[in-house]
Amino acid sequence: MKNTTLLFFIFISIVSFAQLPKGFSAMKDTTAFKQKMEAQSKLTNTMESDFTQEKYLSVMSENIVSKGHFCFKKTNMLRWEYTTPYTYLIAINKDKMFIKDNGKVNKYDINSNKMFKSINEMMVATVQGNLLNSKDYKAKYYESEKYYLIELTPVQKAAKDFLKNILLFISKTDYSVEKVKMVEPSDDYTSIDFTNRKTNQPIADEKFTVK
Amino acid sequence: MRNLLLSSLLALTLYACTFGHYGRLKPNAKSWVTPPSSIFGDNFNSFLFKTNISVYGRDFSGLLVTKQMSPKDYRVIFTTELGMKLFDFEFRDTSFTLHYCVPQFNKPKLLNTIREDIGILLMNDLKDKKADLFLDAKNQHDVYRVQDGKMFNYYFKEKSTDQLVKIEHSKKHVKKIIFTLNNYENGFPTNILIKHYNIKLKIELNLLKK
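Protein sequence lines, in the order shown, are assigned to chains D and V. Read in order, the letters of the first sequence are residues 1 to 211 in this note's numbering. Read in order, the letters of the second sequence are residues 1 to 210 in this note's numbering.
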């Protein structure tokens with residue numbers, strides 16, 4: 001009996017260990033981390049950055065790589081623009097959403113469409129890193145030498161159908177989100193790396209309206 | 001008399017619309033020939049397209065990837081520009097597998113139509129079929145006609161370039177879907193337009209990477 005219990009604990013620790021991302025261990029002080037993130041978010045009024053998005057599909061030999069630039073301004077203004085290998089732009093301006101594709105602009109009322117509302121919430125929260133306060137996700141906290149890592153698992157069934165989890169890699173030096181990885185139930189994923197980040201530089205409101 | 005004239009005119013117009021197009025095709029002496037080979041080739045390549053779907057005034061856009069997995073097996077995946085997978089199809093020989101589809105896209109009519117369109121474009125089922133060969137003298141096209149269930153697919157090859165420039169999916173000489181293959185670069189069309197004539201559906205594929 002004693003042996004069975006011991007074996008069970010060894011098994012559980014192996015399983016738990018296997019679930020931890022490589023090079024990461026459980027975060028020691030989650031309260032301090034959350035406070036720092038919140039403080040950092042309060043101090044950030046504008047943010048812009050280049051991004052590289054990679055789509056991994058298990059059946060493909062190469063990832064689909066697209067690049068672009070994003071701008072964020074408080075409150076609730078976001079411009080997310082792909083520049084290569086195609087052009088595609090999503091701009092969110094409070095309760096309006098613009099999509100420019102193929103030279104054509106479509107304007108939507110975010111509140112009129114559940115999907116747009118959740119895209120908006122997810123994009124804004126992702127760049128700000130405040131998805132951790134959302135009731136729609138269960139969070140697990142890890143850290144390595146360079147990063148904090150938050151693993152967010154959706155709670156609602158509708159989201160679980162297309163999303164296994166979201167991994168946010170946050171810099172230990174300035175608490176900015178450096179990488180986001182969205183994993184699908186099939187383990188295919190989309191990862192986004194942010195580079196050349198600038199914070200609190202003036203960005204004109206016009207950037208968030210598309211004509 | 002007036003009614004007769006009107007009916008005759010109407011009949012003539014309908015005839016011209018439906019049969020006129022195929023009426024000018026002259027059967028070639030060589031019949032029962034091998035149909036054209038797939039534009040996607042047989043080298044297990046993958047192709048990436050920026051894709052726009054317009055259905056009854058609603059627009060969807062995203063990235064469509066095709067990959068030949070084995071000689072008669074193609075995988076076709078459609079994702080949004082932001083990376084969210086919308087559907088994952090597999091065409092193996094004559095069978096079809098839906099590996100994944102987001103609930104918002106899982107409308108049987110729409111899904112079956114897109115599946116049929118992609119299936120025709122892949123030309124995967126042509127490998128074991130034979131075609132009737134015609135000549136469109138006006139446009140200098142060799143036209144291959146292949147039976148597809150109760151329908152016919154007409155493959156138009158430009159005589160001067162030997163490139164496949166059009167596929168028509170028709171029933172009793174009435175065009176149902178037209179695929180136009182444009183702007184060939186290195187032997188592959190960089191723009192493909194799929195237009196339906198019985199429903200308001202248009203799909204445009206622009207090649208990003210081969």
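Any given hint might turn out to be false.
[What the hints assert, rightly or not] Partner residues are not named here, just some residues of chain D that face chain V (Cβ under 8 Å, in silico):
1. E48
2. D50
3. K55
4. N63
5. I64
6. Y88
7. F98
8. N102
9. Y108
10. I110
11. Y147
12. A159
13. N165
14. L167
15. D174
16. D188
Calculated from the structure, these hints are not laboratory results. Beta carbons: idealized from backbone N, C-alpha and C, even for Gly.
Hints and how they fare:
Taking 8 Å as the C-beta cut-off, the interface hint given for E48 of chain D is violated, the closest approach to chain V being about 18 Å. This hint is violated: D50 of chain D has a C-beta 16 Å from the nearest C-beta of chain V, more than the 8 Å allowed. Restraint check, K55 of chain D versus chain V: the minimum CB separation of about 5 Å is within 8 Å; hint holds. Given the 8 Å rule on beta carbons, the hint for N63 of chain D is violated: about 11 Å separates it from the nearest Cβ of chain V.
For the restraint placing I64 of chain D at the interface with chain V, the shortest Cβ-Cβ distance is roughly 6 Å, inside the 8 Å limit, so the hint holds. For Y88 of chain D, the interface hint holds, since its Cβ comes within 8 Å of a Cβ in chain V; the closest pair sits about 5 Å apart. At about 13 Å, the closest approach between the beta carbon of F98 of chain D and any beta carbon in chain V exceeds 8 Å, and the interface hint on this residue is violated. Of the supplied interface hints, the one on N102 of chain D holds, with its beta-carbon coming within about 6 Å of a beta-carbon of chain V, less than 8 Å.
For the restraint placing Y108 of chain D at the interface with chain V, the shortest Cβ-Cβ distance is roughly 11 Å, beyond the 8 Å limit, so the hint is violated. For I110 of chain D, the interface hint is violated, the least distance from its beta-carbon to any beta-carbon of chain V being 16 Å, above 8 Å. With 8 Å as the threshold, the beta carbon of Y147 of chain D stays out of range of chain V, its nearest partner Cβ sitting at about 21 Å, so the hint is violated. Annotation: A159 of chain D was flagged as interfacial toward chain V, and the flag is violated, the nearest CB pair being 11 Å apart, outside 8 Å.
Because the closest C-beta pair between N165 of chain D and chain V is about 14 Å apart, greater than 8 Å, the hint is violated. At about 14 Å, the closest approach between the beta carbon of L167 of chain D and any beta carbon in chain V exceeds 8 Å, and the interface hint on this residue is violated. At about 25 Å, the closest approach between the beta carbon of D174 of chain D and any beta carbon in chain V exceeds 8 Å, and the interface hint on this residue is violated. At about 6 Å, the closest approach between the beta carbon of D188 of chain D and any beta carbon in chain V falls short of 8 Å, and the interface hint on this residue holds.
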